Amino acid sequence: MFDYKLLSALAAVIEQSGFERAAQVLGLSQSAVSQRIKLLEARVGQPVLVRATPPSPTEIGRLLLNHVQQVRLLERDLQSVVPALDEGGMPERLRIALNADSLATWWALAVGDFCAEHRLLTDLVVEDQDVGLKRMRAGEVAACLCGSERPVAGARSLLLGAMRYRALASPDFIDRHFPQGVTPQAVARSPALVFGPDDFLQHRYLASLGVEGGFEHHLCPSSEGFTRMVEAGMGWGLVPELQVRGQLASGLLVELLTDQCIDVPLYWHHWRNGGRLLTELTDHLAKKAGQWLVPLGTE
1 MFDYKLLSAL AAVIEQSGFE RAAQVLGLSQ SAVSQRIKLL EARVGQPVLV RATPPSPTEI
61 GRLLLNHVQQ VRLLERDLQS VVPALDEGGM PERLRIALNA DSLATWWALA VGDFCAEHRL
121 LTDLVVEDQD VGLKRMRAGE VAACLCGSER PVAGARSLLL GAMRYRALAS PDFIDRHFPQ
181 GVTPQAVARS PALVFGPDDF LQHRYLASLG VEGGFEHHLC PSSEGFTRMV EAGMGWGLVP
241 ELQVRGQLAS GLLVELLTDQ CIDVPLYWHH WRNGGRLLTE LTDHLAKKAG QWLVPLGTE
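Under UniProt numbering, the sequence shown has 29 at position 29, and the numbering climbs by one with no breaks.
Hint data in this document are derived by calculation from the structure and do not stem from the laboratory.
Treat the hints with caution; some may be incorrect.
Stated by the list, open to error - Label pairs and their computed distance ranges (CB to CB): (1) K38 <-> H218: 40 to 48 Å; (2) L124 <-> R272: 35 to 43 Å; (3) G246 <-> G290: 15 to 23 Å; (4) K287 <-> L63: 26 to 34 Å; (5) S56 <-> H218: 23 to 31 Å; (6) R228 <-> V294: 21 to 29 Å; (7) Q46 <-> A116: 29 to 37 Å; (8) F200 <-> P295: 35 to 43 Å; (9) T58 <-> Q180: 55 to 63 Å; (10) G181 <-> T58: 50 to 58 Å; (11) E280 <-> R137: 23 to 31 Å; (12) S56 <-> F200: 21 to 29 Å; (13) Q291 <-> V125: 19 to 27 Å.
Claimed, not checked - Keeping only pairs whose Cα atoms sit at most 30 Å apart, straight-line, the calculated DSSO-like set for lysine-lysine is: (14) K288 <-> K134; (15) K38 <-> K288; (16) K38 <-> K5; (17) K134 <-> K38; (18) K5 <-> K134.
These numbers come from a predicted model, not from an experiment.
Each residue gets a CB set at the ideal place from its N, CA and C atoms; glycine is no exception.
Produce the entire structure from the sequences given, and follow the hints as far as they go.
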């Protein structure tokens, strides 16, 4: 039978990205946390952590993380039936991976009332929508919002809708780089903005225009900073329509080519045995997300 004090130490080290902060969260000394990890490794007969900065779970460590996160959620269900089991009366904390653009636009509006009603605290891990699922696969999160449809083993996925992106630039940028008008070839020759090495939206956009190959670009791993750089005329970029309605209406930003948007599907992934809280959050998102996301495949 598992010693859940040991598993909690493992989860804290991963969630807090190190032994020092894990010790603070658990109310232990750093050496005590280290001893618990060593004891856990002795019990399972192999390392559960890769001692790096930050630490990362081994394969067996990922399996143990999956287990302890699901146990936490199931324990919450029992506490609602048997309140005496709730020793601290602390709010539940849910670790979720999601893309930066959702966090910058609709996410808080969708879940704010749910978190208040259920005394839920969220621990958000920001990843590009194309790679966020790796956090669930690694056992680091209980749920994930990403662009991948296929769930990992033991999880379910639900299509919430799509975020609509438009290729935008400032009027000055357009005047400077497209004096003869905006064409696919001219767009490919002008500086672009890319969120990070896992962001291929701009590549997809150019491919949809019939242009292949590399292009000059800035890297900007911030959703808000990305928009500010486009506004400043540093490059063109694909920006969530939700984020820039005001700038489009005022003329601060201009669409390069009309009717050439890209819709990125967003799937909500959650563990099958995640307990009632995760099921209720899933139902809540299914009802709310349509206020901000567009149905996939619509124009």
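Quiz item: Which of the stated hints cannot be reconciled with the structure, identified by number in ascending sequence?
Solution: 2, 7, 8 and 15
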